[in-house]
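Trainee: So the sequences go chain by chain: Z and C. 1 is the number of the first residue of the first sequence in the numbering used here; add one for each residue after it. 1 is the number of the first residue of the second sequence in the numbering used here; add one for each residue after it.
For the record, the hints were derived by calculation from the structure and aren't laboratory data. Remember, it's a predicted structure, so these values are computed and weren't measured experimentally. Watch out, some of these pointers could steer you wrong.
To be verified - Negatives, chain C to chain Z, calculated, CB over 12 Å:
hint, residue
1, Ala26
2, Gly37
3, Ala154
As the list claims (entries may be wrong) - Here are some chain C residues pointing at chain Z (derived, C-beta under 8 Å):
hint, residue
4, His42
5, Leu54
6, Gln55
7, Val125
8, His144
Where is the CB? At the ideal position from N, CA and C, for every residue including glycine.
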Amino acid sequence: MFEPVDDVIERIARHLRRPVRIDPALDGRVMREITALPTPGGATALGKAWGWLTRPHQLTLTPLGGLTVAAALAVVVLLSRMDSSAPGPPAPPQAESRAFQFVLVAPRATHISLVGDFNDWDAARTPMRRAGSEALWTAVVPLAPGRYHYAFLVDGSRWLADPSAPVARDEDYGEPSSVLTVGGGGS
Amino acid sequence: MGIRNVGTSDAALVRRVQTGDTGAYADLVARYRDRLGRYALHMLGNREDAEEVLQDAFVRAYRSLARCDDPERFGAWLYGILVNRCRTAGPRAARRARRFVHDPAALETAPLAGPDGRTEWDDTVRWALARLPSESREAFLLKHVEELEYEDMARLTGAGVSALKMRVKRAREQLQTMLKEAERV
């Protein structure tokens with residue numbers, strides 16, 4: 001004897017309705033891909049900066065230690081002109097400052113700080129926050145035109161350079177760090 | 001639509017992305033990753049294809065976000081993009097599956113429960129689902145697994161309600177027949 005068709009279908013449907021877990025690393029792959037794309041809706045004032053971000057840059061990746069490092073992927077995303085009322089930025093914006101979002105994929109980290117020339121390498125000033133995904137951490141920092149060294153401090157002890165940015169050659173602290181150059185003149 | 005929002009609304013996140021907060025898109029990806037992934041996985045039959053299509057759908061949605069007329073319905077809009085991507089990828093995935101599965105003897109001697117914990121029932125359902133015509137599989141999954149109303153299915157697929165009802169009916173009958181076959185073996 002076979003079950004009535006409704007019972008069979010319900011049994012199949014119930015089986016197929018079970019939650020499916022997709023690898024959270026997909027979030028990082030999506031974010032890496034969209035970082036190279038213009039902002040939806042067209043923020044034309046960002047054109048030059050987007051150009052800088054999307055132009056090919058020669059990258060030299062520093063060997064990174066540990067499993068977290070192996071899983072780490074970082075990107076820097078230009079957001080918009082700095083709004084002085086925006087919450088969170090660690091320093092008062094200057095007239096030509098723009099906000100940059102730093103994104104790090106580090107699924108096993110419990111705490112991450114963004115450190116760099118812009119916050120005197122003070123780990124307490126720019127803690128990163130989780131952005132939805134357990135793996136993604138973000139921080140927004142206003143930056144005036146200039147050249148900045150920066151790095152990610154993972155769980156208070158592990159330094160990460162940004163794999164998507166040029167590596168700093170003059171590493172004053174003896175730790176891996178990256179370089180971000182912010183252009184002036186309204187770019 | 002069977003898609004519910006939690007925490008910050010989809011609309012708020014969409015507007016943040018549209019004004020340049022790219023990081024907010026990570027919240028949307030994390031929110032819909034597993035729910036849409038389930039549909040893609042059942043529709044295409046393997047995880048690799050499902051993840052590829054899912055990633056493509058998220059990127060395409062980001063590119064087109066300016067055309068998302070109703071941010072409150074971002075989930076439904078995204079769902080529509082995924083359904084279309086699965087339609088495009090389906091034949092390619094099916095060809096690949098046929099290339100891989102060409103040794104009936106090997107299939108007959110394969111263990112019923114794989115090392116990943118799949119059971120015989122898992123395999124039977126996957127086998128039956130894969131044998132449905134893609135239009136029937138799509139309609140069955142949207143109706144019985146994603147639990148959408150026919151009107152929502154019509155908006156997603158572009159097919160009429162009557163046609164969708166017929167596809168679901170045929171899918172149910174075919175699944176019943178195939179399960180009978182499987183139980184006889």
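Trainee: Against chain Z, is His144 (chain C) within 8 Å by beta-carbon distance?
Mentor: holds (4 Å)
Trainee: Examine each Cβ of chain Z, and state whether all of them lie more than 12 Å from the Cβ of Ala154 (chain C).
Mentor: Holds, because the least Cβ-Cβ distance between Ala154 (chain C) and chain Z comes to about 20 Å, which exceeds 12 Å.
Trainee: Are all beta-carbon distances from Ala26 (chain C) to chain Z longer than 12 Å?
Mentor: violated (4 Å)
Trainee: Hey, is Gly37 (chain C) genuinely clear of chain Z, shortest beta carbon separation above 12 Å?
Mentor: Since the minimum Cβ distance to chain Z is about 4 Å, Gly37 (chain C) lies within 12 Å and the statement is violated.
Trainee: Can the hint on Leu54 (chain C) be confirmed by a CB-to-CB distance to chain Z that is less than 8 Å?
Mentor: holds (7 Å)
Trainee: Measuring from the C-beta of Gln55 (chain C) to each C-beta in chain Z, is the shortest one below 8 Å?
Mentor: Status holds, d = 6 Å.
Trainee: Regarding the hint that Val125 (chain C) lies at the interface with chain Z, is the smallest CB-CB distance below 8 Å?
Mentor: OK, holds: Val125 (chain C) within 8 Å of chain Z, min 6 Å.
Trainee: Closer than 8 Å between Cβ atoms is the bar; does His42 (chain C) clear it against chain Z? Give me holds or violated.
Mentor: Since the shortest Cβ distance to chain Z is 6 Å, the answer is holds.
Checked against the numbered hints listed earlier, the structure breaks hints 1 and 2; every other hint is satisfied.
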